[in-house]
Amino acid sequence: MLTVPYVTSYLSEHFGDDAFRTLEGYRARGGYQAAKKALTEMSPEDVVELVKTAGLQGRGGAGFSTGLKWSFMPKETDKPKYLACNADESEPGSFKDRILLERGPHQMLEGILIAAWATGAEKTFVYVRGEYAYPARCLQQAIDEAEAAGILGANVMGTGFRHDVVLMRGAGAYICGEETGLLESLEGKKGQPRKKPPFPAQYGAFGMPTTVNNVETFCHVPHILTRGADWFRGFGTEKSPGTTIFGVSGHVVRPGLYELPLGTRLDEIVFEHAGGVPDGRKVKGVIPGGMSMPVLPASMLDVPMANESLRERKTMLGTGGIMVMDETTCMVRAACVITYFFRDESCGQCTQCREGTGWMNRIVERIERGAGTHEDLEVLLDVCGKMEGQTICAFADAAAWPVQGLLRHFREDFEEHVRRQKCPFPDSFEL
Amino acid sequence: MSLSEQVRDGIAREMAKYPKKRGALLPALHLAQAELGHISVETAKELAEVFEIRPIDVMEVVSFYNMFYDRPQGRHHVYVCTNLPCSLRGARTLMRGIEARLGIEAGETTADGRITLGHEECLGACAYAPMLRVGGTYHEDLDLEKAMQILDGLE
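Each protein sequence line maps, in turn, to chains A and B.
Counting in my numbering, the first sequence runs from 1 upward without gaps.
Counting in my numbering, the second sequence runs from 1 upward without gaps.
These are calculated hints, taken from the structure and not from any lab test.
Hints are supplied without guarantee of correctness; some may be wrong.
What the hints assert, rightly or not - Mimicking EDC-like on lysine to aspartate or glutamate, the simulated pairs with C-alpha atoms at most 16 Å apart in a straight line are: (1) A:Lys52 to A:Asp230; (2) B:Lys20 to A:Glu187; (3) B:Lys20 to A:Glu184; (4) B:Lys17 to A:Glu122; (5) A:Lys190 to B:Glu60; (6) B:Lys17 to A:Asp164; (7) B:Lys21 to B:Asp57; (8) A:Lys190 to B:Asp57; (9) B:Lys17 to A:Asp144; (10) B:Lys21 to A:Glu184; (11) A:Lys195 to A:Glu184; (12) A:Lys75 to A:Asp46; (13) B:Lys21 to A:Glu187; (14) A:Lys189 to B:Asp57; (15) B:Lys21 to B:Asp9; (16) A:Lys189 to B:Glu60; (17) B:Lys17 to A:Glu187; (18) A:Lys189 to B:Glu52; (19) B:Lys17 to A:Glu147; (20) A:Lys52 to A:Glu238; (21) A:Lys386 to A:Asp397.
Claimed, not checked - What follows is a list of derived Cβ distance ranges for each label pair: (22) A:Pro297 to B:Gly153: 42 to 52 Å; (23) A:Arg254 to B:Gly136: 21 to 31 Å; (24) A:Arg408 to B:Arg101: 36 to 46 Å; (25) B:Lys146 to A:Gly389: 39 to 49 Å; (26) A:Arg29 to B:Leu154: 39 to 49 Å.
Quantities reported herein were computed from a predicted structural model and do not represent experimental measurements.
The beta-carbon is built from N, C-alpha and C at its ideal position, and this holds for glycine as well.
Excised from the complex, chain A in its bound form (with noise of 0.2 Å):
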């Protein structure tokens, strides 16, 4: 069953509290007093400016300065504005946006309030994913509380600004957690990526200026408002400020979530926070961020959780979601299940994105049936280059990078499946 943070820190400290949930107990927590600061004493230039200087970074895997961002949406327009907060979250291994939204719904609605004060927005569209039905029944009520006591409304807390929320239910396609396949969802459309530019500052949601933040993202904004840049520079590393919720899964003692400071260390995650792997075995590799982050060996897991210093070792801290493998694991079958779900997934509209990930499908199914052959190995790669960087949207990326990780760093693996003609690894997950 879901539960609060085995660590907490500003964001989930409350979340084992039922009353946090709800209006009366999230005001008397100090709740929607940022949002009324920003509304009366800021402008929103002032919140822009507070955001950059705080230096927080998008928390849906791309990690792009919130405030820049903002920054981008037009100033003079006589077009509505709108943001779109994604609670999309497919990504495998992810699963902290679920308790940002069922544990602590009005935080998020105070970041979103303070984020279309600082973009002139005056509707925002959440799209909740479609299997997140008790995350969106508990946002619903939040919203429905938040209007009828004028927090959203025509008349935001007594200041006269507008804005209102929109819950919108997905139905189930990972890629509309890209941010244009989002917005074409929203337009009641299939959730193809749209071609950038225009970006979505310019030509977003209908047509409209729109910026798409994640949950998460917002879930900081209110304590950076209330605490201040410093505050909240007080966490993380110099470039990657703040906390995040990390979630730990896969053959751990303690899998769950922690919010823990952005440059944590992963061995520190993995071995003092949960635990290690159970029964005295040993870790094989660990995937960081999510299934589109390459895989990390057991020798390489000292490395501190921050987009900087993870690239240096070819990998990203994506969605904080971090998948364990114990040294039973075949890493040809986490291969096998990793590429189908990108062929499942792929929207088709990309010849390279379509065509490769089956054919990457297919060859690692080949090679851990014992039908593989060396050329195979070469094969992938050069499907993996020629998926990289080529199509509309980030999808064959993230489709490519967790198949060259699975290469590079256990190479072996897939060359024992040729020589012996079988899967060498008997005690591995079953397939």
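With the hints as your guide, set chain B onto chain A.
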């Protein structure tokens, strides 16, 4: 079967939330499917009229999203997550066990029309694996016996 007044009213309320009415197409499909069980070509034609688009525009959306069905389904949708975090913790072994007990394979419906079984991609329950979803409800930290207890309890 055609769309009830309730569904039509619900769709009208959804349309009011979006700057263009087509924005309400996914919500409308959720509403229609909740009542009818799936989106038939007939339903798509009715929705197309409501939205002033072509029936094919509706059906291409239905076929794009995993959660919309273009044909009749079992009374309960049982989906086992088989993505990597769940597979590492035995999800595929669980799936085989459920298939054997129900006497069907993933993708099929039991002969009594009670359960449609399927694989599903990551459901955001990675630390509580293996898990399955029955409609909108998650069941986590499962083994085969716990899973079968849940499935046996479905009418």
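How the hints compare with the structure:
1. A:Lys52 to A:Asp230: Cα-Cα ~12 Å, so holds.
2. B:Lys20 to A:Glu187: 8 Å, holds
3. B:Lys20 to A:Glu184: 12 Å, holds
4. B:Lys17 to A:Glu122: 12 Å, holds
5. A:Lys190 to B:Glu60: 7 Å, holds
6. B:Lys17 to A:Asp164: 9 Å, holds
7. B:Lys21 to B:Asp57: 14 Å, holds
8. A:Lys190 to B:Asp57: 9 Å, holds
9. B:Lys17 to A:Asp144: 14 Å, holds
10. B:Lys21 to A:Glu184: 14 Å, holds
11. A:Lys195 to A:Glu184: Given pair A:Lys195, A:Glu184 holds - Cα atoms ~12 Å apart, limit 16 Å.
12. A:Lys75 to A:Asp46: 14 Å, holds
13. B:Lys21 to A:Glu187: 9 Å, holds
14. A:Lys189 to B:Asp57: Roughly 8 Å separates the two Cα atoms, so the pair holds.
15. B:Lys21 to B:Asp9: 14 Å, holds
16. A:Lys189 to B:Glu60: 8 Å, holds
17. B:Lys17 to A:Glu187: 12 Å, holds
18. A:Lys189 to B:Glu52: 14 Å, holds
19. B:Lys17 to A:Glu147: Given that 16 Å is the threshold and the Cα spacing comes to 14 Å, the pair holds.
20. A:Lys52 to A:Glu238: Answer holds: A:Lys52 to A:Glu238 is near 13 Å, not above 16 Å.
21. A:Lys386 to A:Asp397: 10 Å, holds
22. A:Pro297 to B:Gly153: 42 to 52 Å: 44 Å, holds
23. A:Arg254 to B:Gly136: 21 to 31 Å: 28 Å, holds
24. A:Arg408 to B:Arg101: 36 to 46 Å: For B:Arg101 against A:Arg408, whose Cβ atoms are near 41 Å apart, the range 36 to 46 Å holds.
25. B:Lys146 to A:Gly389: 39 to 49 Å: For B:Lys146 and A:Gly389 the Cβ distance comes to about 45 Å; the hint holds.
26. A:Arg29 to B:Leu154: 39 to 49 Å: 40 Å, holds
Of the numbered hints listed earlier, not one is contradicted by the structure.
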